[in-house]
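> Sequence:
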Amino acid sequence: MKPFSGLRPAWPHRLLCGIVLGAGALWAEAPKLEALFPAGGQVGSSFTLTATGKLDDTVRLWTDAPGLYLVPTGKKSEWQVTVTAQARPGLHHIVAVNAEGISDPRVFSIGQHPEIAEAEPNDMVGKGQAVTKLPTCVNARLDKGGDVDGYTVTLKAGQTLHALVEAYALGSPVDVMAHVLDPAGLRVMTVSDGRNLDPRLVYTAPKDGAYTVQLAGFAHPPLADVRFTGGPTVVYRLHLSTGPVVTHLHPAAIATTGKTEVTQMGSGLDAKKLGLTVDATTLPNSSDKVRQILVAGALQPIQVLAVEKPALLEKEPNQQLAQSTPVPAGTLTLAGGIADKADVDRYALTMKKGEKGQVRLYSRQLGLPLDATLRIEGPDGKVLATAVDQGEQPDPNATWTAAADGAYQIIVEDQFHQGGPNNHYVLDLSPASPVVAVTLPERKPIALAPGKTAVVKVNVKPLNGYKQTTVLRVCGLPPGVAAAEVPVPEKGGDVEVKLVAATNAEPSQSPLLFQAWTTQEPLTTMIADYPLRSEDVRGTTLRDRNSVLWLLVEKKK
1 MKPFSGLRPA
11 WPHRLLCGIV
21 LGAGALWAEA
31 PKLEALFPAG
41 GQVGSSFTLT
51 ATGKLDDTVR
61 LWTDAPGLYL
71 VPTGKKSEWQ
81 VTVTAQARPG
91 LHHIVAVNAE
101 GISDPRVFSI
111 GQHPEIAEAE
121 PNDMVGKGQA
131 VTKLPTCVNA
141 RLDKGGDVDG
151 YTVTLKAGQT
161 LHALVEAYAL
171 GSPVDVMAHV
181 LDPAGLRVMT
191 VSDGRNLDPR
201 LVYTAPKDGA
211 YTVQLAGFAH
221 PPLADVRFTG
231 GPTVVYRLHL
241 STGPVVTHLH
251 PAAIATTGKT
261 EVTQMGSGLD
271 AKKLGLTVDA
281 TTLPNSSDKV
291 RQILVAGALQ
301 PIQVLAVEKP
311 ALLEKEPNQQ
321 LAQSTPVPAG
331 TLTLAGGIAD
341 KADVDRYALT
351 MKKGEKGQVR
361 LYSRQLGLPL
371 DATLRIEGPD
381 GKVLATAVDQ
391 GEQPDPNATW
401 TAAADGAYQI
411 IVEDQFHQGG
421 PNNHYVLDLS
431 PASPVVAVTL
441 PERKPIALAP
451 GKTAVVKVNV
461 KPLNGYKQTT
471 VLRVCGLPPG
481 VAAAEVPVPE
491 KGGDVEVKLV
501 AATNAEPSQS
511 PLLFQAWTTQ
521 EPLTTMIADY
531 PLRSEDVRGT
541 TLRDRNSVLW
551 LLVEKKK
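In this text, residue positions in the sequence shown follow UniProt numbering: the first is 1, and each later residue adds one.
In short, the hints are calculated from the structure, not lab data.
Each hint should be verified, as a subset may be incorrect.
Claimed, not checked - Below, a list of computed lysine to aspartate or glutamate pairs in the EDC-like style, where the Cα atoms sit at most 20 Å apart: (1) 352 <-> 405; (2) 127 <-> 182; (3) 289 <-> 544; (4) 352 <-> 377; (5) 353 <-> 377; (6) 461 <-> 288; (7) 467 <-> 485; (8) 133 <-> 143; (9) 32 <-> 554; (10) 76 <-> 34; (11) 444 <-> 405; (12) 356 <-> 392; (13) 555 <-> 182; (14) 32 <-> 78; (15) 54 <-> 78.
Said to hold, decoys possible - Label-pair restraints from in silico Cβ distances: (16) 133 <-> 536: 35 to 41 Å; (17) 207 <-> 133: 52 to 58 Å; (18) 383 <-> 232: 51 to 57 Å.
Ideal Cβ placement from N, Cα and C applies to all residues, glycine included.
Work the whole structure out from these sequences, hints included.
Laid out in structure tokens, this is it:
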């Protein structure tokens, strides 16, 4: 829950405006937006974008990204894109809209570095596209089945090449594999998955020469015939740099007030300049626990946990019971890492009988590689709780009640007894404060005819003893459509919100937010959201959930 002031949420400008097509527009079928090319752009740039799918001449593009402008050029399926200096790097959504409907969203990635386009042919060994200015981002696609793309970078002995692919993160139907070919054309490295199906590789050249990053991919979801895939929708972005590159911060937790001292982690960094002071003002204004910050040298925004005060770092060695890192009273955040397959981290938390404990681990949700398990032991050594990642939650969390006074052990391990220098994590010990979770079970656009009513179910789940009187409201309704606020039952559940269109309501398309509001001061609000991917989730991205639900007011018949 977040404190709320003002008359309405600080939505992105485009979300407030919506898109309205007049009654005289040419009526056609609902648009289907299959791909954008390029699927991203640099802050401060302007370029032409083409869209793939079923898109008639009345289609307009809408985005939730402030500072991103999309203007039709007059050519079929083509837009002039301007990414202003105010646009924030990261993943954003674009949808196609016409009088008949709204498409599913496509992901558009805003970056910080110069960008170039793929130049074919680049599939032959030894004839990759030369990339001379780094860092850069290549916008490309695997054009057809069997396509292989190569990008050649000249390296000095000891120089490190970084490559990061965005494809799964963009919603492309591909599982990309990345290879490094040496100057003789021999494959010297292969990387498949990173934090999701998109690979990230780091390769240090043993000698001077021209090295090639080669990309190909298999269809995702997988098909029966296993072969390299391709087509107009198989778009990707390839970030290349010879460093230094920052991949994450340790601890990956930034206080929401004051300044936090962290260590930059990555490759090619100056060991004398690893320290970084992060001011709370660099955190986006949001109620989300996980936020993104911009760090010089990073290929993408870096995700961190927003916390009340700086984290307490583990003190090694803390593998044995007697070595446990003590947790002082009032500590809300811990941070550590699993360095190798034998590493185990222990923290000793003093509790009184009857006190409730809660700990949530963050690693994969922050783009870190640790596949963690949590274990809670009582003063007598008895295991009170164990937890691993499950369902939509990529990291574990555990709760327990102290049966007696004493020191309780919070134990972190890797599920598969692995480890590494980047296998960091953050432990959130914040008390289980009363909150309400608000989700949308159905994410399809709402179709509403003039004079009719549409019912939207919103699932409301009170957690941790939440007792406040709460109502559901809808924000962003167009003229001619109303929705009365709906009281939320004390026990929550599926709450029905009715949208009623006047008999003279004009055809329109509007992005809506469904919100749970408290009715007592101070007013707080929580916006309903839903997962972006309905299929089996394969890791995390910079953006995995969405809050916008579209309303289509149909033409009066």
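> Evaluate each hint against the coordinates.
Hints versus structure:
1. 352 <-> 405: holds (4 Å)
2. 127 <-> 182: Judged against 20 Å, a Cα distance of about 12 Å means the pair holds.
3. 289 <-> 544: holds (14 Å)
4. 352 <-> 377: holds (14 Å)
5. 353 <-> 377: The hint holds at about 14 Å.
6. 461 <-> 288: This hinted pair holds, its Cα atoms lying about 18 Å apart.
7. 467 <-> 485: Holds, at roughly 18 Å.
8. 133 <-> 143: Between residue 133 and residue 143 the Cα gap is close to 25 Å, so the pair fails against 20 Å, i.e. violated.
9. 32 <-> 554: The hint holds at about 18 Å.
10. 76 <-> 34: The hint holds at about 15 Å.
11. 444 <-> 405: violated (51 Å)
12. 356 <-> 392: violated (25 Å)
13. 555 <-> 182: Measuring from Cα to Cα gives roughly 61 Å; hence the hint is violated.
14. 32 <-> 78: holds (15 Å)
15. 54 <-> 78: Holds, because 13 Å separates the two Cα atoms, which is no more than 20 Å.
16. 133 <-> 536: 35 to 41 Å: holds (39 Å)
17. 207 <-> 133: 52 to 58 Å: Since the Cβ atoms of residue 207 and residue 133 sit about 22 Å apart, the hinted range of 52 to 58 Å is violated.
18. 383 <-> 232: 51 to 57 Å: The hint (51 to 57 Å, Cβ to Cβ) holds, given that residue 383 and residue 232 are roughly 53 Å apart.
The structure fails hints 8, 11, 12, 13 and 17 (numbered hints given earlier, in ascending order).
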